[in-house]
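Please model the complete structure; the sequences and the hints are all you need to start from.
Here's the letter readout for the chains.
2 protein chains.
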Amino acid sequence: MSPIPGLQTVGLLGGGVIGGGWAARFLLNGVDVKMYDPDPEAPRKVAEVMANARRALTKLVMPALPPEGTLTFVATPEEAATDVDFVQESAPERLELKQSLLRRASAVAPPHVVFGSSTSGLLPTQMQEGMTHPERLVVGHPFNPVYLMPLVETCGGDATTEATEDRAVEVYTALGMHPLRLSKEIDGFVADRLMEALWREALWLVNDGIATAEEIDDAIRFGPGLRWSFMGTMLIYRIAGGEAGMRHFMAQFGPALKWPWTKLMDVPELTDELLDLLVAQSDAQAGPATIRELEALRDDCLISVIQGLRAADYGAGRVLDAYEKVLFDRASQTSVEPDLSGPLRLHEVTVPTEWVDYNGHMNDSRYMQLSSEGGDRFLRFIGMDAAYLASGRSFFTVESHVNYLAQAKAGDHLYVTVQLISHDDKRLRLFTEMRRADDDSLVATAEHMMLHVDTTLDKAAPADPAILATLATIAEHHTTLERPAQAGRAIGQGR
Amino acid sequence: MSPIPGLQTVGLLGGGVIGGGWAARFLLNGVDVKMYDPDPEAPRKVAEVMANARRALTKLVMPALPPEGTLTFVATPEEAATDVDFVQESAPERLELKQSLLRRASAVAPPHVVFGSSTSGLLPTQMQEGMTHPERLVVGHPFNPVYLMPLVETCGGDATTEATEDRAVEVYTALGMHPLRLSKEIDGFVADRLMEALWREALWLVNDGIATAEEIDDAIRFGPGLRWSFMGTMLIYRIAGGEAGMRHFMAQFGPALKWPWTKLMDVPELTDELLDLLVAQSDAQAGPATIRELEALRDDCLISVIQGLRAADYGAGRVLDAYEKVLFDRASQTSVEPDLSGPLRLHEVTVPTEWVDYNGHMNDSRYMQLSSEGGDRFLRFIGMDAAYLASGRSFFTVESHVNYLAQAKAGDHLYVTVQLISHDDKRLRLFTEMRRADDDSLVATAEHMMLHVDTTLDKAAPADPAILATLATIAEHHTTLERPAQAGRAIGQGR
Numbered sequence: 001m002s003p004i005p006g007l008q009t010v011g012l013l014g015g016g017v018i019g020g021g022w023a024a025r026f027l028l029n030g031v032d033v034k035m036y037d038p039d040p041e042a043p044r045k046v047a048e049v050m051a052n053a054r055r056a057l058t059k060l061v062m063p064a065l066p067p068e069g070t071l072t073f074v075a076t077p078e079e080a081a082t083d084v085d086f087v088q089e090s091a092p093e094r095l096e097l098k099q100s101l102l103r104r105a106s107a108v109a110p111p112h113v114v115f116g117s118s119t120s121g122l123l124p125t126q127m128q129e130g131m132t133h134p135e136r137l138v139v140g141h142p143f144n145p146v147y148l149m150p151l152v153e154t155c156g157g158d159a160t161t162e163a164t165e166d167r168a169v170e171v172y173t174a175l176g177m178h179p180l181r182l183s184k185e186i187d188g189f190v191a192d193r194l195m196e197a198l199w200r201e202a203l204w205l206v207n208d209g210i211a212t213a214e215e216i217d218d219a220i221r222f223g224p225g226l227r228w229s230f231m232g233t234m235l236i237y238r239i240a241g242g243e244a245g246m247r248h249f250m251a252q253f254g255p256a257l258k259w260p261w262t263k264l265m266d267v268p269e270l271t272d273e274l275l276d277l278l279v280a281q282s283d284a285q286a287g288p289a290t291i292r293e294l295e296a297l298r299d300d301c302l303i304s305v306i307q308g309l310r311a312a313d314y315g316a317g318r319v320l321d322a323y324e325k326v327l328f329d330r331a332s333q334t335s336v337e338p339d340l341s342g343p344l345r346l347h348e349v350t351v352p353t354e355w356v357d358y359n360g361h362m363n364d365s366r367y368m369q370l371s372s373e374g375g376d377r378f379l380r381f382i383g384m385d386a387a388y389l390a391s392g393r394s395f396f397t398v399e400s401h402v403n404y405l406a407q408a409k410a411g412d413h414l415y416v417t418v419q420l421i422s423h424d425d426k427r428l429r430l431f432t433e434m435r436r437a438d439d440d441s442l443v444a445t446a447e448h449m450m451l452h453v454d455t456t457l458d459k460a461a462p463a464d465p466a467i468l469a470t471l472a473t474i475a476e477h478h479t480t481l482e483r484p485a486q487a488g489r490a491i492g493q494g495r
Numbered sequence: 496m497s498p499i500p501g502l503q504t505v506g507l508l509g510g511g512v513i514g515g516g517w518a519a520r521f522l523l524n525g526v527d528v529k530m531y532d533p534d535p536e537a538p539r540k541v542a543e544v545m546a547n548a549r550r551a552l553t554k555l556v557m558p559a560l561p562p563e564g565t566l567t568f569v570a571t572p573e574e575a576a577t578d579v580d581f582v583q584e585s586a587p588e589r590l591e592l593k594q595s596l597l598r599r600a601s602a603v604a605p606p607h608v609v610f611g612s613s614t615s616g617l618l619p620t621q622m623q624e625g626m627t628h629p630e631r632l633v634v635g636h637p638f639n640p641v642y643l644m645p646l647v648e649t650c651g652g653d654a655t656t657e658a659t660e661d662r663a664v665e666v667y668t669a670l671g672m673h674p675l676r677l678s679k680e681i682d683g684f685v686a687d688r689l690m691e692a693l694w695r696e697a698l699w700l701v702n703d704g705i706a707t708a709e710e711i712d713d714a715i716r717f718g719p720g721l722r723w724s725f726m727g728t729m730l731i732y733r734i735a736g737g738e739a740g741m742r743h744f745m746a747q748f749g750p751a752l753k754w755p756w757t758k759l760m761d762v763p764e765l766t767d768e769l770l771d772l773l774v775a776q777s778d779a780q781a782g783p784a785t786i787r788e789l790e791a792l793r794d795d796c797l798i799s800v801i802q803g804l805r806a807a808d809y810g811a812g813r814v815l816d817a818y819e820k821v822l823f824d825r826a827s828q829t830s831v832e833p834d835l836s837g838p839l840r841l842h843e844v845t846v847p848t849e850w851v852d853y854n855g856h857m858n859d860s861r862y863m864q865l866s867s868e869g870g871d872r873f874l875r876f877i878g879m880d881a882a883y884l885a886s887g888r889s890f891f892t893v894e895s896h897v898n899y900l901a902q903a904k905a906g907d908h909l910y911v912t913v914q915l916i917s918h919d920d921k922r923l924r925l926f927t928e929m930r931r932a933d934d935d936s937l938v939a940t941a942e943h944m945m946l947h948v949d950t951t952l953d954k955a956a957p958a959d960p961a962i963l964a965t966l967a968t969i970a971e972h973h974t975t976l977e978r979p980a981q982a983g984r985a986i987g988q989g990r
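Top to bottom, those sequences are chains A and B.
Residue numbering for the first sequence follows this note's numbering, starting at 1 and increasing by one per position.
Residue numbering for the second sequence follows this note's numbering, starting at 496 and increasing by one per position.
Worth flagging that the hints you see were computed from the coordinates, not collected in a lab.
Beta carbons: idealized from backbone N, C-alpha and C, even for Gly.
Which residues of chain A face chain B? A few of them, derived with a C-beta cut under 10 angstroms, are: (1) Y147; (2) L182; (3) L277; (4) H361.
Stretch by stretch, here's where chain B covers chain A in the computed footprint (C-beta under 8 angstroms, at least three residues): (5) 198 to 206; (6) 250 to 261; (7) 305 to 317; (8) 399 to 408; (9) 447 to 456.
Here are some chain A residues pointing at chain B (derived, C-beta under 7 angstroms): (10) G121; (11) L194; (12) R221; (13) F230; (14) Y323.
Shown next as structure tokens:
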């Protein structure tokens with residue numbers, strides 16, 4: 001039973017990378033799929049896409065996905081269009097082939113069943129020729145991987161009705177996609193035309209020996225590509241124009257259209273009419289947002305994207321990671337001889353936006369992360385380095401306790417102090433305090449019990465004598481300190 | 496005292512958006528800046544960029560930034576180049592202007608001081624004409640906003656030495672940027688040429704009435720732009736070619752170069768030589784990664800970027816947010832009557848790779864996150880929804896305790912159960928168990944004390960009667976259950 005009303009079963013014509021991606025989108029949303037593909041390898045290929053998609057889509061979304069729909073392979077396009085609520089065609093890009101499939105399938109499907117076509121560039125007016133009820137054919141052009149990419153361009157042909165496009169938009173939206181309704185049909189639609197222009201210039205750069213494939217990609221992903229993941233070229237250029245907006249930008253950079261900044265010199269003439277049109281559309285797009293608001297939005301999105309890529313350990317995220325390591329190192333190099341007369345101040349951070357939850361404060365698990373990072377710094381401080389870990393020894397946390405005393409917000413500057421409560425040759429008990437840097441006020445405390453482990457045997461084992469000696473030195477001082485009020489607390493215990 | 500060795504003070508020529516961005520990069524990394532700009536408004540403009548940059552860069556990086564450098568405005572280009580370790584020129588894009596500034600400044604700077612130029616498209620060979628020691632001029636072309644964007648294209652002219660470029664790369668890297676060293680000079684370098692090609696096609700689309708500025712941007716940011724934030728067009732097309740790689744992709748899509756998929760028809764001829772070159776470069780770029788590994792990497796980056804944009808509440812992140820709301824709604828509509836006879840199974844996840852730390856297991860703070868997410872599901876279950884939060888009421892966690900019993904690895908499928916230990920009208924005590932889905936084995940437990948809060952007064956207050964009634968129903972069952980061994984434990988207590 002599909003959780004999407006009116007979308008129980010769909011018919012798919014073609015099971016390649018794109019057709020398989022559609023199968024995944026529908027199945028993982030609980031919709032049954034009838035798939036036609038004459039390729040005997042199609043079931044294997046679709047299964048491979050499904051495996052990728054299952055992993056990726058469950059990772060992308062927080063809620064549990066509904067029970068998967070059922071995938072059935074059928075022997076003819078007619079069967080794929082029988083007893084289904086929607087049909088999506090993803091055959092190779094040959095007009096005659098697509099026309100033949102659509103003709104056969106539409107001959108059996110009742111008139112209300114809408115047909116979407118995944119074509120990257122063929123015109124819907126040509127594809128709908130010869131169909132039974134041609135008015136129900138609409139382009140629904142997705143992007144690879146279909147199970148993750150939100151964009152689907154919709155575009156009707158001469159015979160297509162608005163109701164057809166409405167229905168396609170409804171179906172794609174229910175799958176979690178973002179339909180972009182184009183008002184005019186054109187070869188390649190919009191996104192592929194933009195990609196093709198960039199690609200043609202990239203080929204010139206390779207051809208002329210200016211840059212390699214890798215350099216071209218780096219010029220994109222460390223630069224303009226980061227911005228294009230949330231704002232297109234039009235809004236980015238508007239922001240570049242500053243307070244005077246698009247007209248000012250065009251006054252500055254319009255002349256560049258005559259310059260050899262690409263080999264693609266077939267440019268439109270920059271008439272007053274084109275300029276007025278562009279300015280009006282840019283104003284409409286920006287709406288009431290001021291340039292300062294647009295700048296802040298751009299910066300926040302860049303931060304989110306780069307921090308997201310740090311989690312993926314790739315591209316601009318790796319640049320950030322390396323930079324942070326350098327900043328941590330620089331901070332530690334400038335530090336003086338450690339002062340053991342009090343808890344050790346070993347870690348500080350500025351609270352990033354993604355640490356904040358629906359309450360508007362730093363999420364509780366992030367206090368644990370912060371304290372745990374303080375604990376890691378302590379372990380490094382007593383001599384646990386990469387070589388020590390590689391020798392098969394480490395400390396594992398076995399128990400933690402956190403008290404949340406005040407709220408931290410995004411942008412707050414916090415630091416962590418670590419106090420050694422007790423230790424023996426296998427155990428280490430640490431107490432941390434998280435404080436605001438501006439007034440030293442206490443935000444949270446945590447306590448951790450750690451066990452020294454032989455990681456090759458996965459068993460508790462004594463720590464290295466050098467580490468134990470350092471711990472003894474710290475303990476000499478720290479055991480004379482007052483015991484923190486929250487140390488050894490249990491939940492449910494009175495205050 | 497700058498924390499970057501050999502980079503105490505820099506001279507900046509030009510304080511517009513780009514020059515101001517450079518000032519921010521240097522100052523926030525603890526480097527002193529001498530700025531020359533004849534515009535009397537320059538101090539105000541630079542201060543505005545600095546305010547944006549301070550907010551953004553501290554938000555981007557986790558470590559604390561060093562104490563800010565000192566900004567001094569000077570009256571001549573000569574003063575900006577006196578007693579400095581590096582000079583960056585960011586004047587308007589007029590060759591004579593740049594030449595004049597570089598000539599004057601280089602006449603006073605000692606020969607070892609390297610000059611970077613921010614030009615977007617002028618050739619370094621022309622700019623270095625007339626300089627004292629022209630061999631120390633190199634292009635260092637950044638992207639807006641300079642304080643966040645990693646890319647800086649470096650490019651030498653005929654007279655530039657390799658040592659000059661080495662030094663510029665060293666300086667830019669120390670600022671957290673990603674220098675891309677170009678081997679040949681060309682108008683517009685690489686990134687601007689690619690942007691210009693895409694821009695020219697976008698202008699045609701507006702000119703011909705095919706798409707508006709907003710539609711063009713949507714076609715980018717919900718589609719190819721998402722991928723371009725971590726992989727360029729070359730690697731993306733290689734993946735599209737499947738196991739057979741770039742040669743297969745070109746066999747399929749090479750002919751498209753002759754099609755009117757853009758109005759920019761000045762295309763390079765696809766000779767065997769160009770094809771071989773492209774294939775060899777693409778192979779070198781991909782290295783030993785298989786197509787499956789590249790697909791997984793692409794998917795993980797897409798997930799990170801889209802989830803990052805959800806945190807920024809913009810673009811593709813908003814599409815995800817809307818989709819998740821629909822999934823949660825669908826799940827709540829189809830859910831059966833909850834079974835209160837045992838702890839409630841409310842949450843499950845597959846452990847993502849970024850949850851794993853240097854020990855090769857899920858990091859301790861992630862158990863807290865998982866348990867906390869289970870607690871959130873419980874709160875939603877008893878009726879705390881967006882409307883409740885908007886009414887100024889919420890539950891805040893005040894104390895947590897975690898016991899780590901076994902290790903989870905990336906890819907492990909875990910679920911969370913929640914047991915209500917006790918409650919009154921303001922307090923809620925929950926116990927969670929995290930178990931492996933395949934064998935129900937216990938991985939960790941946690942306990943949370945929560946307080947119901949009037950968020951407008953930031954004070955404890957009784958929960959809504961409807962919520963208290965639901966809690967009473969759950970308590971009827973859960974208080975008859977055995978009390979978990981770890982409930983109420985304190986650190987340091989024997990087992």
